[in-house]
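Chemist: Going line by line, the protein sequences match chains A and B. Our numbering puts the first residue of the first sequence at 826, with every later residue one more than the last. Our numbering puts the first residue of the second sequence at 826, with every later residue one more than the last.
Simulated from the structure, these hints should not be mistaken for lab results. Bear in mind the structure is a predicted one, so any value in this text is a computation, not a measurement. Incorrect hints may have been included.
No copy labels: a pair is met if it fits in one copy or bridges any two.
[Stated by the list, open to error] Here are the simulated BS3-like pairs of lysine-lysine, each with C-alpha atoms no more than 27 Å apart in a straight line:
| id | residue 1 | residue 2 |
| --- | --- | --- |
| 1 | 1041 | 1074 |
| 2 | 1046 | 837 |
| 3 | 1107 | 1073 |
| 4 | 861 | 1008 |
| 5 | 1126 | 837 |
| 6 | 1041 | 1112 |
| 7 | 1126 | 1074 |
| 8 | 1112 | 1073 |
| 9 | 982 | 1089 |
| 10 | 1046 | 955 |
| 11 | 1008 | 1073 |
| 12 | 1089 | 1128 |
| 13 | 1073 | 1046 |
| 14 | 861 | 1073 |
| 15 | 1008 | 884 |
| 16 | 837 | 1084 |
| 17 | 955 | 1008 |
| 18 | 888 | 1128 |
Protein chains: 2
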Amino acid sequence: MVRLGAIDSPPKTPTILGFECAGEVEAVGEGVEDFKVGDRVVALPEFRAWAELCAVPTKYVYKLPDEMSFQDAPAITMNYLVAYIIVFELLSLRPGKSLMLHSAGGGVGQAIAQLVRTFDGVTMFGVSSKGKHEQLATGGLFDHLIDRADYVNEVRKISPEGVDIILDCLCGDDCNRGYGLLKPMGKYILFGSSNVVTGETKSFFSVARSWWQVDKVSPIKLFDENKTLTGFNLRHLLYQQDGSEYVKKVIDDVFGMWKDGKIKPVIDSTWALEDVTEAMQKMHDRKNIGKLVLDPAAEPKPKPATPAKVKAKKEKKEKVQSPSTDEEKKVENGTDKPAENGSGENGEAAEAEKPKENGDGGEAKPSENGENSAAAETNGDEKKQSS
Amino acid sequence: MVRLGAIDSPPKTPTILGFECAGEVEAVGEGVEDFKVGDRVVALPEFRAWAELCAVPTKYVYKLPDEMSFQDAPAITMNYLVAYIIVFELLSLRPGKSLMLHSAGGGVGQAIAQLVRTFDGVTMFGVSSKGKHEQLATGGLFDHLIDRADYVNEVRKISPEGVDIILDCLCGDDCNRGYGLLKPMGKYILFGSSNVVTGETKSFFSVARSWWQVDKVSPIKLFDENKTLTGFNLRHLLYQQDGSEYVKKVIDDVFGMWKDGKIKPVIDSTWALEDVTEAMQKMHDRKNIGKLVLDPAAEPKPKPATPAKVKAKKEKKEKVQSPSTDEEKKVENGTDKPAENGSGENGEAAEAEKPKENGDGGEAKPSENGENSAAAETNGDEKKQSS
Chain A
826 MVRLGAIDSP PKTPTILGFE CAGEVEAVGE GVEDFKVGDR VVALPEFRAW
876 AELCAVPTKY VYKLPDEMSF QDAPAITMNY LVAYIIVFEL LSLRPGKSLM
926 LHSAGGGVGQ AIAQLVRTFD GVTMFGVSSK GKHEQLATGG LFDHLIDRAD
976 YVNEVRKISP EGVDIILDCL CGDDCNRGYG LLKPMGKYIL FGSSNVVTGE
1026 TKSFFSVARS WWQVDKVSPI KLFDENKTLT GFNLRHLLYQ QDGSEYVKKV
1076 IDDVFGMWKD GKIKPVIDST WALEDVTEAM QKMHDRKNIG KLVLDPAAEP
1126 KPKPATPAKV KAKKEKKEKV QSPSTDEEKK VENGTDKPAE NGSGENGEAA
1176 EAEKPKENGD GGEAKPSENG ENSAAAETNG DEKKQSS
Chain B
826 MVRLGAIDSP PKTPTILGFE CAGEVEAVGE GVEDFKVGDR VVALPEFRAW
876 AELCAVPTKY VYKLPDEMSF QDAPAITMNY LVAYIIVFEL LSLRPGKSLM
926 LHSAGGGVGQ AIAQLVRTFD GVTMFGVSSK GKHEQLATGG LFDHLIDRAD
976 YVNEVRKISP EGVDIILDCL CGDDCNRGYG LLKPMGKYIL FGSSNVVTGE
1026 TKSFFSVARS WWQVDKVSPI KLFDENKTLT GFNLRHLLYQ QDGSEYVKKV
1076 IDDVFGMWKD GKIKPVIDST WALEDVTEAM QKMHDRKNIG KLVLDPAAEP
1126 KPKPATPAKV KAKKEKKEKV QSPSTDEEKK VENGTDKPAE NGSGENGEAA
1176 EAEKPKENGD GGEAKPSENG ENSAAAETNG DEKKQSS
C-alpha cells in the first residue's frame, strides 16, 4: 500500500520502504544504554526497513529471544503484535462466540486465528479466495472456510443469525456488508484497509471510493442495536500516538508465547532483495499464505535474458533501491564501508531454506533480515532518522 | 423516561409502568416446570412491574438466593446486570487504565464503580452534580469526583491526555464532548440516554435535539484514531433481541458475587406505592444516590389536607394504578380475588426500614417488592402478557 501511495501521508519519493526488519545492532547512538553493538534485535521503523542498514529510535527496537532466528523474527513481531492486541485487548472471547475473519490466509489472519485458538469453544469463519481453501484446511484453524466472493450469503447459510465478531482488514463497502452480519452484542473491528489497493497503480478514485463507501454510524444506532465498532491502526498507534511503551509490553508477551510454543509463525516464502518486485506482486495478487520474508543473504532467482524484461526489472528495482545508499550514509554516522550484503551466517541462511511451518499464513509487509540489518539509534535521534 | 414517553415504542396509555419487581410466585401457567407457587423470585417484565400482581414469561424470572430480601433484589438485579455486562464483557480493564463515569451517584453508576474496584490499579473519574460530591466521597469508590457542569475541562486539568474509557448514560451532546476526551485505544460506551428527559413533560424537541446532537462517526475515523464506540441497551437486548438466556447466566454470576460479598446494593430510599410521584420527582431532579425502591407494604407518608393537592395526587395515582386491576385479571387466569396489597411479612417490612448500605448509589427504575408481587407465567405466554 505504501508502494502505491495508498496510505495517509505517504513519504516523499525517492524513499525506502519497509516497516519491519531483524538483524544485529551495527552501531548505537550517543546515550543509548538499552542496546549494544552485536545485540540481536527486531525493529519496527517508520519506513526504510528494506535497507542493509537502518537507523531506528530505541523505542521501536526489541531484543530477540536467543532461540529466534532472523527469518522468524519479522514473521512473528508485527503480525502477532496486531493479532495479540485484537484478540486479547479488543475482544472478550468465551465459549459459544463466533468470529468471522477476512483475509484468513494472510500473515495477520493466520496469527489471529492461532491466538483465537488459545480460547475454547469459539467458532471461526475464515474468509479467503476459494483457491486458498484447500491449503488453509490443512492448518485446521477454521471451522468454516468461506469464499470471499459471496461471504455474506455463505455465512448466513451456516449461521442465519450472523456472527458475534467480525475482524476486517479490507474496509470499503465490506464495512457495511459486514456490519449487517453482526449479532446483538457483536463487535466489528476494522484493522486494515487493503480494499484501497485495487489496481496496478495508485488510483485517486479507488482510494476515494473505498472511503466514501463506508457508511457513518450514529452512536445511537449502536445503542439501539447493541453493537460495537472498533478501529485499530498499529502504524498510527506507534508513530503518531506515542503507543511505543504499550507495544513494547505486548511484544514481550508475544515473545513469551512463542517460547511457550503457542505461536508458530507462518512464512509463505523467502526472497532475495533483488526479487522484491516479484514478491510484492504475489502479495498484491493475494496469492500468498503467510508472511513473505526478504533475505539479503538469499540468492536472487536466475532471470531470463530477455533484454526488454531485464530493462523493466532494472527500472523497478532502481525505484525501490537506488535511494538507499544516500539514506544509509546519513544514518550510519560515518560507518561508510559498504554494507556487507549477503554475509548472513550459514546457519541462518540454512534456516531460511527450511519451511518453518506446515504451510499456512500470509500477507503484511516483507522485511529484510540479514545480518547487520538493524542499528539502534539514540532515543533523541528521531529527527535524524527522518532527515 | 417511560413516564414521559421518551423511549422508542412507548406502550399505549393507560398502562402500568415498571421493569423490575421481586416477590413470591402466586401462580404458574400451564407447562411451567422451573418455578412453583411460593418461589421467591425477581422478575424483569417489559412494563407492568408496579402492580401487586404481575404476569411474566419465565425467561424473565430469576430465583432469589435464600438470603436476599425483596428490598435488596430489585436494588441488585437490573443495576448490577447492566454494570456486570459493561465491566466484564465490554471493557478489558487492567492496571494503569483510567475511566470516566457519568451519573456516578446513580444506582447503575454505583454498581459499575463497585465492579470496577474488583480490578486493581484503575483510576476512576466520577462525574455528578456538585451537590452529591460530599456524600459520594464517603463511599471512597472514586479517585476524582468531577462536577458535571464542566467535566471536560476538569478532567483535562487532572489528565491532559484524556481517559481510556468513558461510560455514558446521558447521550446527546455529551457523546461528542466525551469522544474528544478519549485517549488512543480508548473505548466509549453509551448505555443510556437520560439527556432526552429535560423538562417536566415529554417534549418532541428535546428528544429530537438530543438525537440530532449526536455526531455520526465513520469507522475510518475510528481506524485512524484507534478508538472504540459501543452501544449497550439492556431493554433492547432482553425484549427485542432474544438475549434472555445470556442475561440469565449473567444474573447467576451477579447473585454469586453478591453471596461472596463483592456486591453491596445501594438503596437511596424506600417508598410506599402511594408516594410514587414524589419518588419519581426525586429521581427526575437527579437528587437520589442509589436506587429508589417501591414497597407495597410501606405506609404512605401523611399528606397535608389541602383539597386541591389531594385531588391532583389522586388523579396522578389513578393514571398509574387504575389499569392494573384489568391487567391482573387477564394474567391471573381466574385468580380473581383482590390482590393482598400491603400484606408483606413483618420481617421484610422491617428490613426495608433499615438503611442497606452506607448511603451511596442512585437512579434507574423503582420496582415493587412486596409479597405476591411477581407471578411466573408459562414460557409460551408472552402474547397473553402483552394482551
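Chemist: Are the hints correct? Go through all of them and say.
Modeler: Results for each hint:
In this homomeric assembly, residue 1041 and residue 1074 never come within 27 Å of each other (Cα to Cα): the closest approach is 33 Å inside a single copy and 34 Å across copies. For the identical chains of this complex, residue 1046 and residue 837 are inter-copy neighbours only, at 24 Å across copies versus 40 Å inside a copy, given an alpha-carbon limit of 27 Å. When the C-alpha separation of residue 1107 and residue 1073 is checked against a cutoff of 27 Å, the pair qualifies neither within a copy, at 31 Å, nor between copies, at 50 Å. For the homomeric pair residue 861 and residue 1008, neither the shortest alpha-carbon distance inside one copy (51 Å) nor that between copies (34 Å) is at most 27 Å.
Taking CA atoms no more than 27 Å apart as the test, residue 1126 paired with residue 837 passes in neither setting, with 30 Å inside one copy and 77 Å between copies. With identical chains, the CA atoms of residue 1041 and residue 1112 are never at most 27 Å apart, being 32 Å at best within one copy and 37 Å at best between copies. Proximity of residue 1126 to residue 1074 under the C-alpha cut-off of 27 Å is found in neither arrangement, the shortest distances being 39 Å within a copy and 60 Å between copies. With identical chains, the CA atoms of residue 1112 and residue 1073 are never at most 27 Å apart, being 31 Å at best within one copy and 46 Å at best between copies.
Proximity of residue 982 and residue 1089 under a CA criterion of 27 Å is satisfied in neither setting, with 32 Å inside one chain copy and 46 Å between copies. With identical chains, the CA atoms of residue 1046 and residue 955 are never at most 27 Å apart, being 34 Å at best within one copy and 32 Å at best between copies. Taking the closest pair of Cα atoms, residue 1008 and residue 1073 come within 27 Å of each other only across two copies (18 Å); inside a single copy the shortest separation is 34 Å, beyond that limit. For the homomeric pair residue 1089 and residue 1128, neither the shortest alpha-carbon distance inside one copy (33 Å) nor that between copies (75 Å) is at most 27 Å.
Taking the shortest alpha-carbon separations for residue 1073 and residue 1046, only the inter-copy value of 25 Å comes in at or below 27 Å, while the best intra-copy value is 36 Å. Only within a single protomer do residue 861 and residue 1073 lie at most 27 Å apart by alpha-carbon distance; the minimum there is 18 Å, versus 57 Å between protomers. When the C-alpha separation of residue 1008 and residue 884 is checked against a cutoff of 27 Å, the pair qualifies only between copies, where the shortest distance is 20 Å, while the shortest distance within a copy is 40 Å. For the identical chains of this complex, residue 837 and residue 1084 are neighbours neither inside a copy (39 Å) nor across copies (63 Å), given an alpha-carbon limit of 27 Å.
Taking the shortest alpha-carbon separations for residue 955 and residue 1008, only the intra-copy value of 25 Å comes in at or below 27 Å, while the best inter-copy value is 40 Å. Taking the shortest alpha-carbon separations for residue 888 and residue 1128, neither the intra-copy value of 37 Å nor the inter-copy value of 76 Å comes in at or below 27 Å.
In the structure shown, a violation is registered for the earlier hints numbered 1, 3, 4, 5, 6, 7, 8, 9, 10, 12, 16, 18, in ascending order.
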